[in-house]
Structure formats: structure tokens, C-alpha cells
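Asker: Read top to bottom, the protein sequences are chains L and R. What the first sequence shows, in this note's numbering, is residues 1 to 114, in sequence order. What the second sequence shows, in this note's numbering, is residues 1 to 112, in sequence order.
Honestly, I wouldn't trust all of these hints.
Claimed, not checked - Cβ pair distances, simulated, as ranges: (1) L:96 <-> R:18: 30 to 38 Å; (2) R:53 <-> L:74: 23 to 31 Å; (3) L:84 <-> R:62: 39 to 47 Å; (4) R:60 <-> L:14: 25 to 33 Å.
Since the hints were derived computationally from the structure, they do not count as laboratory data. All C-beta atoms in this analysis are idealised placements derived from N, C-alpha and C, irrespective of residue type, glycine included.
Each chain, written out:
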Amino acid sequence: GAGVSQTPSNKVTEKGKYVELRCDPISGHTALYWYRQSLGQGPEFLIYFQGTGAADDSGLPNDRFFAVRPEGSVSTLKIQRTERGDSAMYLCASSLIGVTGELFFGEGSRLTVL
Amino acid sequence: ELKVEQNPLFLSMQEGKNYTIYCNYSTTSDRLYWYRQDPGKSLESLFVLLSNGAVKQEGRLMASLDTKARLSTLHITAAVHDLSATYFCAVDDGGSQGNLIFGKGTKLSVKP
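Please build the complete structure, drawing on both the sequences and the hints.
Answerer: Structural data, given as C-alpha cells:
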């Protein structure tokens, strides 16, 4: 597609529920990233995929968070047993691996945990 | 641990005025990025600065990088209302590519 596509754009769930957020990167971009942005803050790195494998998952806050990219394109961020503190905008980005490292971000999925 | 600080965090300007936003970072890096974010929207890439002394300009915005001072500036010339947004700088932490450390952002409001 023309840009990074994320679904859903908004998700409201109850504490303790399971949530999946989807990201479809720019066609041809091998690198995919998940970031989390809380209100009034800058985005924080969660995880980076190069192809199908998670090359760096050091930003995942705890084991309730997991992400997959089984075919090296679309990725799903999975959050188990959601907590109110998980409420944030979840941003996906993709890039070409190369010199610049420039990331192209999607519109984000806003998660609200009640 | 790499820290990125922006100042000011809030900036109210009149149209036609000039101003500079500063981005300081705490450890060595030679890759710095500026992004713009409109309310409720995602981040739009503005500038990619990859070496000491790099200067990039687009319209009324100009960004520069001094890696020795660990400082980048985003200069706004003759501001217009359409520039109202939040501006983030982000620094590559030197680990895996794409692990960027973002500042808290500068919320710019340009008033007529």
C-alpha cells in the first residue's frame, strides 16, 4: 500500500481482556517497528522486526506483550490481561534497511482500557 | 542510557516571527530525526540528519546537527498558522536500527 496501515484505529476494552493490534507496512519495507505513545509524551520503542524475526524486543514492558510477523509483512501486537496503564497510542512504523534509518509511521491504534 | 531533551516544550508564536527549538542528547550519536505530529495524527518525517554539520531546509523550517555539542536545532522562519503542531526530535541509540529515543516534543502554536 501507499503507507503504513494500522487497524483498528480505536479500541476500547475492559481490564483483563486480550487485544490484538494489526500493522500492514509499506510494500517492500523489510523492517517493522512498534512504538507506544502516552499522552503528552514522545513515542517509546517496543519491538523491531527484520523480516519474520524479532531482531530487538528490548522495549516490550513485560511478558503480557507479544508481537509476531509470521510472513515478514503484516505484524500483530498482542496484549494479554490488559491493564489500565496499557492505555496509549500504539504506533507502527516501517523502513528500508539502509543508510538513513528513516521510519515511516502509520496513523496508530488508540487503545483505551477501562 | 541515552536521554533526549527538547526545549521549549511549549511555544506560542505570532505569525511572521522567527524561533528556534533545541534538541540536546546525552550520548554520542550521528543520526538525528525531526518529526511533526498533528493532534490525533501520526508522525510525519521532516528531516534526517546523518552527520556532523548537516543542515537541511524545507520551506520555513531548517534543521541542523552538531554531533560534538550533541545538539540539533529546528529553526522556524516567518511562522505561519499551518506550522502549528508538535515537533519531536529523535536520536538513534546506536543499537538496532530503528530504536529511536524521542524527546517529549515541542508543542508549537502559531497565532495570527
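Asker: Using the Cβ atoms, figure out if residue 53 (chain R) sits within 23 to 31 Å of residue 74 (chain L).
Answerer: violated (40 Å)
Asker: Indicate whether the distance between the beta carbons of residue 96 (chain L) and residue 18 (chain R) respects the range 30 to 38 Å.
Answerer: holds (35 Å)
Asker: Does the Cβ-Cβ separation between residue 60 (chain R) and residue 14 (chain L) fall within 25 to 33 Å?
Answerer: Because 46 Å falls outside the window, the suggested range is violated.
Asker: The hint says 39 to 47 Å between residue 84 (chain L) and residue 62 (chain R); measuring C-beta to C-beta, is that right?
Answerer: holds (42 Å)
In summary, the numbered hints that this structure violates are 2, 4.
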